[in-house]
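Chemist: In the order they appear, the protein sequences are chains A and B.
Heads up: the first sequence begins at 68 in this note's numbering, then just goes up one per residue.
Heads up: the second sequence begins at 21 in this note's numbering, then just goes up one per residue.
Hints listed in this document are in silico derivations from the structure and should not be mistaken for laboratory results.
Note that the structure is a prediction, hence the values are computed from the model and not measured.
Be careful, since some hints might not be right.
Derived lysine-lysine pairs resembling DSBU-like cross-links, with alpha carbons at most 35 Å apart [stated by the list, open to error]: (1) A:K248 with B:K308; (2) A:K188 with B:K429; (3) B:K269 with A:K264; (4) A:K221 with A:K73; (5) A:K74 with B:K337; (6) A:K191 with B:K337; (7) B:K156 with A:K114; (8) B:K156 with A:K73; (9) A:K295 with B:K429; (10) A:K107 with A:K188; (11) A:K248 with B:K269; (12) B:K337 with A:K264; (13) A:K324 with A:K279; (14) B:K156 with A:K295; (15) B:K337 with A:K188; (16) B:K337 with A:K169; (17) B:K308 with A:K264.
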Amino acid sequence: MQAFTKKDILDMTSLSVEEMSLILDTAERMKEISERPVKKVPTLRGKTVILFFYEPSTRTRTSFDIAAKRLSADSISLSGSTSSMVKGETLLDTARNLEAMKPDIIVLRHSSSGAPYILAKSLKASIVNAGDGMHAHPSQSLLDMLTVREHRGKLKGLRISIIGDITHSRVARSNCVGFSKMGAHVTVCAPPTLIPKGMASSYGVHVTHQMKEAVADADVIMMLRIQKERQSGFFFPSEREYSRLYGLNREMMAYAKSDVLIMHPGPINRGLEISPEVADGPHSIILDQVTSGIAVRMAILYLVTGGA
Amino acid sequence: MQILIKGARVIDPGKMDALMDIRVDNGVIADIQPPGVILPLDSAVIVYDAAGCIATPGLIDMHVHFREPGQEYKETIATGCSAAAAGGFAAVCTMPNTCPVNDNAQVTRFILSRAAEACGVRVYPVGAVSKSLEGKSLSEFAELKAAGAIAVTDDGMPVRSSLMMRRAMEYATGIGLLIISHCEDLELASGGCMNEGETATRLGLSGIPNIAETLMVLRDIALSELTGARLHIAHVSTFESVRAIREAKRNGIPVTAETAPHYFTLTEEAVGAYNTHAKMNPPLRTQKDVNAVCEGLADGTIDVIATDHAPHSPVEKAVEFDHAANGVIGLETSLALGLRLVASGVLSMTGLVEKMSSNPARILGLTSTLSVGVPADITVFSPERAWTVDARQFRSMSRNTPFDDWVLKGKAMLTMVGGKVVFDEMT
């Protein structure tokens with residue numbers, strides 16, 4: 068097996084197809100650990116993982132925390148409000164202080180796009196981006212790919228439609244890069260106000276504003292959370308109209324392929340971007356994504372500390 | 021004391037372009053003659069051998085931020101003047117967004133008194149259009165002017181109210197003050213931190229569209245037409261703004277415009293991997309905009325090259341991109357970047373001197389000439405000398421330049437203000 072040489076995982080752009088495949092293959096092997104009666108291996112014993120979450124997150128932090136613990140690493144959670152950030156310390160100063168405590172990995176969630184680069188440039192610890200602003204969320208993208216691969220046995224040639232607030236979504240950006248690199252065809256769908264300028268050309272994806280078009284040919288439909296605050300920025304007139312045009316419900320599912328997979332990175336606005344019967348229906352693999360998340364994050368923590 | 025500058029190519033746009041010797045006596049230009057005609061009169065004469073160099077009227081940067089009073093850890097008037105001198109500038113116009121804001125005579129006088137203690141570069145304070153730059157009530161233009169303000173602007177905090185801008189322009193015509201406008205529709209800019217487009221989309225940064233600038237350029241041109249007020253548009257960065265200004269000039273509206281070296285040198289790609297030294301307002305745009313700015317300089321639509329020298333410390337810059345302050349420093353790289361336009365054929369050498377001296381002087385009502393009897397504000401530069409930008413060596417207190425490590429050609433060798441040498445790299 069090839070070695071993984073990256074110190075950090077910052078975005079999907081900097082990962083090669085081989086590196087992504089290695090992470091997915093490793094994650095697949097890691098899955099079994101979570102099925103054991105004793106869900107723990109000693110692989111990362113003696114390693115320290117700091118979960119530095121400057122922005123609130125339950126799902127991703129818990130997922131990384133469980134991943135670290137199943138590999139026997141010591142994980143410490145630090146949130147924006149409990150760190151010195153509130154006292155006016157800069158991100159870099161806080162990070163240098165953390166580094167002085169000799170962690171092996173810092174998992175960073177931050178509201179500013181590019182924040183992990185600041186740490187990666189100046190710290191010896193491995194930096195794992197757990198979501199930065201609107202920029203990237205590589206572990207989410209990798210777990211999405213793992214989930215699809217498990218259900219379809221491949222990624223190449225599949226049609227992936229990402230529907231929802233593309234402008235503000237790091238999940239959409241990372242998945243556009245990740246799935247495209249793996250040979251899938253990505254379509255993004257939203258009202259024009261929620262597609263950033265130059266989306267098609269900078270990501271090489273197909274852009275549509277018609278939900279039916281996005282649904283019709285898709286092997287995978289990935290719904291994104293729509294934040295209610297966007298209404299005040301004039302991105303759309305009302306939740307009611309948004310839901311009518313871009314909500315995934317039973318009527319819209321009539322246009323979909325019979326074996327389509329439905330995904331959502333969560334948290335779900337039930338009844339807004341996705342109706343409960345679809346979210347809980349037979350096509351939904353939303354909870355599989357959560358399970359894959361642990362395995363992918365175990366693989367990431369393992370590989371950046373020099374595993375494989 | 022007498023000074024003799026020997027053998028330079030003397031460019032005084034519209035008047036002279038020839039190899040000449042210049043004699044300075046008692047602060048004024050005493051004589052300009054072909055080489056060898058002027059003989060050193062006595063041993064007290066300082067002689068500069070300027071062969072291979074170009075001597076021009078002192079360069080003027082009509083858009084700088086010196087952070088005094090209020091943020092002296094970024095730049096003081098003294099260090100700013102020193103940086104200006106090293107960049108070949110004999111005069112600068114300082115923007116009013118100090119703390120306190122230069123919206124009254126006391127602050128204007130304070131700036132002038134600090135300038136008088138600095139190296140000698142002429143400092144022309146620009147007052148605020150509105151009190152505290154808040155856009156609520158007008159500053160006292162007449163008092164500002166009497167104290168020494170050369171123009172008024174709400175640079176960085178653009179006047180939102182069209183009514184207030186109209187009144188400011190009308191009122192300024194009665195006082196005879198120039199209005200400088202930082203054109204930006206803050207709502208359309210909507211908190212963006214770089215140019216809207218492919219790069220911002222890739223980096224996940226919120227974008228500022230061209231129209232945020234151009235819409236206000238169009239508004240202010242319309243208000244200038246209505247009021248007859250002279251309007252100077254600061255730091256033009258977009259294709260559409262250049263087009264609008266060209267059209268306005270064709271229609272005889274009294275508008276002038278400047279751009280900054282980074283807008284004709286760099287595109288949004290300089291942001292790279294979240295480089296905060298490529299973050300400024302307006303943001304770096306695309307190649308199409310860079311080309312339009314160059315065309316605007318070439319055809320006279322854009323009158324002036326000004327730096328928008330905006331010093332910041334690492335406290336403001338070594339942070340997350342969206343939290344980083346806007347602005348880059350430019351005094352010590354402007355001339356060399358301007359010379360790239362000469363090398364690429366956008367401007368003639370005379371054209372560059374116009375953009376950096378004659379035109380700002382005309383717009384501001386200052387003197388820029390090398391005639392016998394005028395105060396000796398002279399810049400001598402080597403157009404060929406190659407050097408590597410090293411921000412740590414800057415005389416500015418700040419290091420926030422996107423041009424660090426660039427190899428540039430052309431450098432100021434001697435800067436003289438009223439016969440006083442304020443920068444000398446010849447001896």
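Chemist: Which of the numbered hints are not met once you compare them with the structure shown?
Modeler: 7, 8, 9, 11
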